[in-house]
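Engineer: Following our numbering, the numbering of the sequence shown begins with 11 at its first residue and continues without gaps.
Just to be clear, a hint being listed does not mean it is correct.
Stated by the list, open to error - Okay, the calculated beta carbon distance ranges per label pair:
1) GLU123 - ALA229: 32 to 38 Å
2) SER27 - ALA116: 31 to 37 Å
3) PRO82 - PRO248: 30 to 36 Å
4) ALA230 - PRO166: 19 to 25 Å
5) LEU32 - VAL240: 15 to 21 Å
6) ALA39 - PRO248: 17 to 23 Å
If you are wondering where the hints come from, they were derived from the structure by calculation, not from laboratory data.
Idealized CB from N, CA, C, for every residue including glycine.
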Amino acid sequence: MGQLPPGFQAAARRRRSLVVLLSAISLIALSYLALYTVAGQNIDNLTMEAVAASARWLHLRLGAVSAAVSIPALGAISIGVVAVAIARRRAALAWRALLVVGGANATAQLLKEILPRPELGVGIQLENSYPSGHVTYAAAIAVALIMVAPRGFRSPAALVGWLWTTLMGLMVISQGWHRLADVVGALLIVALWGFASAPAELRPRVQPGLTRAGTYLAAATSAIGVTLFVVSVIIITPEVFAPLSYGEIGEMVEVGTREGVLFSLATLLLLGGLGGLLLNGIDRLSEAR
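All chains, full assembly: derive it from the sequences and hints.
Structural biologist: Shown next as structure tokens:
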């Protein structure tokens, strides 16, 4: 590949450092708001119940997605990532990819162990599920695949990983395994490890239009998702600042209610948009200038 131009190296370093810093700050803020505030716990439970109710009403069968994170699947995909890197004679990429997968998953498990979810009188008290290990693994493997993929397959790998990660996020929420913050926290952990570990490589694009389209779509989806989420929270103010029981939460976001529709759409768009920004961002670390 040769020596990278100093200007490209500096720009890539700034971009990576900024994303890592923002991911770390966002993860700290999200952890506090979602776990230790009444409003955060309320919103987390409202989004989970809204998505679960919508999935039941639409007869969605997302549970099958969980097979992608079974023990055999995990081993097969990890071996496949390493095999691709070795076949390309890029052993360093294999180590970087394994670092992302191992580091992100270790971080997720560590946070789940050390961060308690205090009883604030919101809904039914469940043990801490923050952040999601399922989504951490799905997103980390997607990042690893982008890192080791040959030039012609890098952008398609980003799109496939985007779809897989989004479906995994929707699945764990609709099944009641995880809340929205669990999934967003997982994406932030993978962003931190991915941008810290993925190499910046200067090489020509095979599908430049596909890469740009994915980035623009992810940005637009995220913006709309954030807007709908803010609107949803405003609508339930000031109730959101007082502890809501499980029954009250279910009534507020049941199928057909304005709040239920808004929270469901906001969750779908947020997960899709954030996952797309993460994976397209990793893809664009390799970009001709």
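Engineer: Give a verdict on every hint.
Structural biologist: Hints, verified against the model:
1. GLU123 - ALA229: 32 to 38 Å: holds, 34 Å
2. SER27 - ALA116: 31 to 37 Å: The hinted range 31 to 37 Å is violated for SER27 and ALA116, with Cβ atoms some 22 Å apart.
3. PRO82 - PRO248: 30 to 36 Å: At roughly 49 Å between Cβ atoms, PRO248 and PRO82 fall outside 30 to 36 Å, so the hint is violated.
4. ALA230 - PRO166: 19 to 25 Å: holds, 21 Å
5. LEU32 - VAL240: 15 to 21 Å: Given a distance of about 19 Å, which is inside 15 to 21 Å, the answer is holds.
6. ALA39 - PRO248: 17 to 23 Å: holds, 22 Å
This entry does not satisfy hints 2 and 3, going by the numbered hints stated previously.
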